[in-house]
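Enquirer: The chain contents come next:
2 protein chains.
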Amino acid sequence: MTGYSRRCVLTVLAATAALGTACSTTTTSTPLPSAALPSWNDGPARSAILDFVAAVTTEGGPDYVPAGQRIAVFDNDGTLWVEQPVYTQLQFALDRVKALAPEHPEWRTTEPFASVLQGDLAKALAGGDKALVQLVMATHAGNTTEEFSRTVEDWIATARHPKLGRPYTQLVYRPMIEVLELLRANGFETWIVSGGGVEFMRPWTEGVYGVPPERVIGSSIVTKYELRGGTPVLVRLPDVDFIDDKVGKPVGIHKFIGRRPIAAFGNSDGDFEMLEWTTSGAGRRLGVIVHHDDAAREFAYDRDSHVGRLARGLDEAAGRGWTVVSMRDDWNAVFPP
Amino acid sequence: MTGYSRRCVLTVLAATAALGTACSTTTTSTPLPSAALPSWNDGPARSAILDFVAAVTTEGGPDYVPAGQRIAVFDNDGTLWVEQPVYTQLQFALDRVKALAPEHPEWRTTEPFASVLQGDLAKALAGGDKALVQLVMATHAGNTTEEFSRTVEDWIATARHPKLGRPYTQLVYRPMIEVLELLRANGFETWIVSGGGVEFMRPWTEGVYGVPPERVIGSSIVTKYELRGGTPVLVRLPDVDFIDDKVGKPVGIHKFIGRRPIAAFGNSDGDFEMLEWTTSGAGRRLGVIVHHDDAAREFAYDRDSHVGRLARGLDEAAGRGWTVVSMRDDWNAVFPP
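Here the protein sequences come in this chain order: A and B. So for the first sequence, the working numbering puts the first residue at 1; every next one is plus one. So for the second sequence, the working numbering puts the first residue at 1001; every next one is plus one.
Okay, chain A solo, but in the shape it has when bound:
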């Protein structure tokens, strides 16, 4: 426990994963192999994370990284919270179509909206990317940033997962919350790097993950500054600004953080380049893939899934020194109690 402050120990030990708390230290920290990451079973995945943290925080050691340079990046959908049967943000868009339908009588006869209103998701999405973009722009653009933020806050406070029946903010992975807290307790900056919309995440990531808005990177649409009755607003336009997925993730990391992370956590092939970029840097690195193989407690999917497809990552993880986490075997709990 050398150099490990009492407050940090308490944070790490907090088995109930007190969301949003953080503690930082500029002194040398040594993780606690016996008590850290309590929702993780002993095994190679837990050890890989603890060994990495010990290595980069051991002052004078060969792998030491100063506190200000300990950057860790996390995908969101499927890595920090549930992404099945559909991405949560798509569920938000579908609910918004229903909420906005009275203002859009034309939607009753226009696809993909008509099928959404009839509850036929498969038919609504049969139009592929074009249909998806139509749904996103119709429900995410045309308002101000502050209006959209309130809409997200209201929705996330009341929506329930269709199968698991809990609020989405309770369908976060408890073992991953423990990793976020362990890293912050050891002087890391923790960042979210998601293909999801940045404005859909920022209203709640601080309360749920302890990650403030300025450490959330995601896909975005264009915003425009204008005056309304003398008051400035930022208006959300129906044009794509940035897609933070696949090769876009290293681009987003460089754009927002400006330096290369030393640890990356993902779950799908959309995270492949983020892990590749992170683990190609000099010095000790950590690449982790969460494998959804727990049909009993969550969902089991990988190569053939339309959501969170994971194939190349499984094929190449061993050769690249990345750790594959089995949700079934490595986690003794999945969600908060």
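Derived by calculation from the structure, the hints in this document are not laboratory data. Ideal placement from N, C-alpha and C gives every residue a C-beta, glycine not left out. Take these hints with a grain of salt, some might be off.
[What the hints assert, rightly or not] Far from chain B, some chain A residues (derived; all Cβ distances over 10 Å):
(1) V216
(2) G321
(3) F335
[Unchecked claim] Computed cross-link-like contacts, EDC-like style, restricted to lysine to aspartate or glutamate with a CA-CA straight-line distance of at most 20 Å:
(4) A:K246 <-> B:D1241
(5) B:K1130 <-> B:D1120
(6) B:K1224 <-> A:E153
(7) B:K1098 <-> B:D1042
(8) A:K246 <-> B:E1226
(9) A:K224 <-> B:D1241
(10) B:K1246 <-> B:E1316
(11) A:K246 <-> A:D304
(12) A:K224 <-> A:D239
(13) A:K98 <-> A:D154
(14) A:K130 <-> A:D120
(15) B:K1163 <-> B:D1269
(16) B:K1246 <-> A:E226
(17) A:K224 <-> B:D1294
(18) B:K1246 <-> A:D241
(19) A:K130 <-> A:E111
(20) A:K163 <-> A:D120
(21) B:K1246 <-> B:D1154
(22) B:K1246 <-> B:D1315
(23) B:K1246 <-> B:E1226
(24) B:K1130 <-> B:E1111
Using the hints, position chain B against chain A.
Expert: Showing chain B alone in chain A's frame:
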């Protein structure tokens, strides 16, 4: 001095402006009217800053803002460092044209490069924005992000200001460094929001201003992820990604920070919308304009300058409650000793 930690007091008192040091506190802080901001003369500008800091950090007071939400944004050129007779980044581009000329024999007969190589800046820039974009893209794109970063580091370590004869990193405004340190000592996040290129600033802002790369917002060109011999790189393409100036500044602030600052510091009309956006928020706000009126110690310019033009800001500052700083009257020192 209630609640003011000893270490923070020492930081604020550091008359030699120990660049890059920072200290944060989560307790209530009260600034020190007699010792804080030693390079500022007593007067309304210094008082406006100190009163604001006292107001938003006084727990239980009507203007209190929790530490995590104390965001302050600073323009760079002309607000934190010198911008006359030409923007430092333009000087960098001109020097790079000369350095790269042997690889580009065609530049000897092609404008704007030919005039740059002949030392005729006025003729080189006679082509307006098109010439400027040509100079920037020829000197800023075509390399990897790591190569460009090293080029900037090498240049900034050796270049000297043409009139003042000092390295550019010593031509930062000592009173503003004190403001950055005072704010950080009082639980603020300090961000740079500049029209300049983000990759031109990030290599040195942490050492010079104590602002790490991830808190620097600026203009950018597009980068592309690719593999070179199996090694991933980010390649800088000759296409504009984002212009962080005028109405782009609030857009950049929202894109990168995701919440509205409570204090903004600028010096030109390029900062107008940033100050407008910041000071239009609810609660107590601070808007500050640095007015270059000190020809003896630096440069005197405003309405008619081609660099750092300031007209609307001067006209509307009083009506909007913004503080105009006279470099001549409000600062007892301009640069570090």
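Enquirer: Just to be careful, I want the Cα atoms of K1246 of chain B and E1316 of chain B compared with a cutoff of 20 Å; is the pair within it?
Expert: Given that 20 Å is the threshold and the Cα spacing comes to 16 Å, the pair holds.
Enquirer: Can the restraint linking K1130 of chain B and D1120 of chain B be considered satisfied, given a maximum Cα separation of 20 Å?
Expert: 17 Å, holds
Enquirer: Given the proposed pairing of K246 of chain A with D304 of chain A, does the C-alpha separation stay at or below 20 Å?
Expert: 18 Å, holds
Enquirer: Sort out whether D1241 of chain B lies within 20 Å of K246 of chain A, counting only the CA atoms.
Expert: 19 Å, holds
Enquirer: Going straight from one Cα to the other, do K1246 of chain B and D1154 of chain B come out at no more than 20 Å?
Expert: Violated, because 30 Å separates the two Cα atoms, which is more than 20 Å.
Enquirer: Keeping to a limit of 20 Å between CA atoms, is the pair of K1130 of chain B and E1111 of chain B held or broken?
Expert: 11 Å, holds
Enquirer: Are K1163 of chain B and D1269 of chain B close enough, with their CA atoms no more than 20 Å apart?
Expert: Violated, at about 25 Å.
Enquirer: Check whether the Cα positions of K246 of chain A and E1226 of chain B lie no farther apart than 20 Å.
Expert: This hinted pair holds, its Cα atoms lying about 12 Å apart.
Enquirer: Take a quick look at V216 of chain A and tell me if its Cβ sits farther than 10 Å from every Cβ on chain B, holds or violated.
Expert: Nearest chain B Cβ is 7 Å from V216 of chain A, so the label is violated.
Enquirer: Straight-line Cα separation of K1246 of chain B and E226 of chain A no greater than 20 Å?
Expert: With Cα atoms ~12 Å apart, K1246 of chain B and E226 of chain A stay inside 20 Å; holds.
Enquirer: Hint check: K1246 of chain B vs D1315 of chain B, CA-CA at most 20 Å. Holds or violated?
Expert: 17 Å, holds
Enquirer: Starting from K130 of chain A, check that the Cα of D120 of chain A is at most 20 Å away, please.
Expert: 17 Å, holds
Violation of the numbered hints given earlier is confined to hints 1, 6, 7, 15, 17, 21 and 23; the remaining hints are satisfied by the structure.
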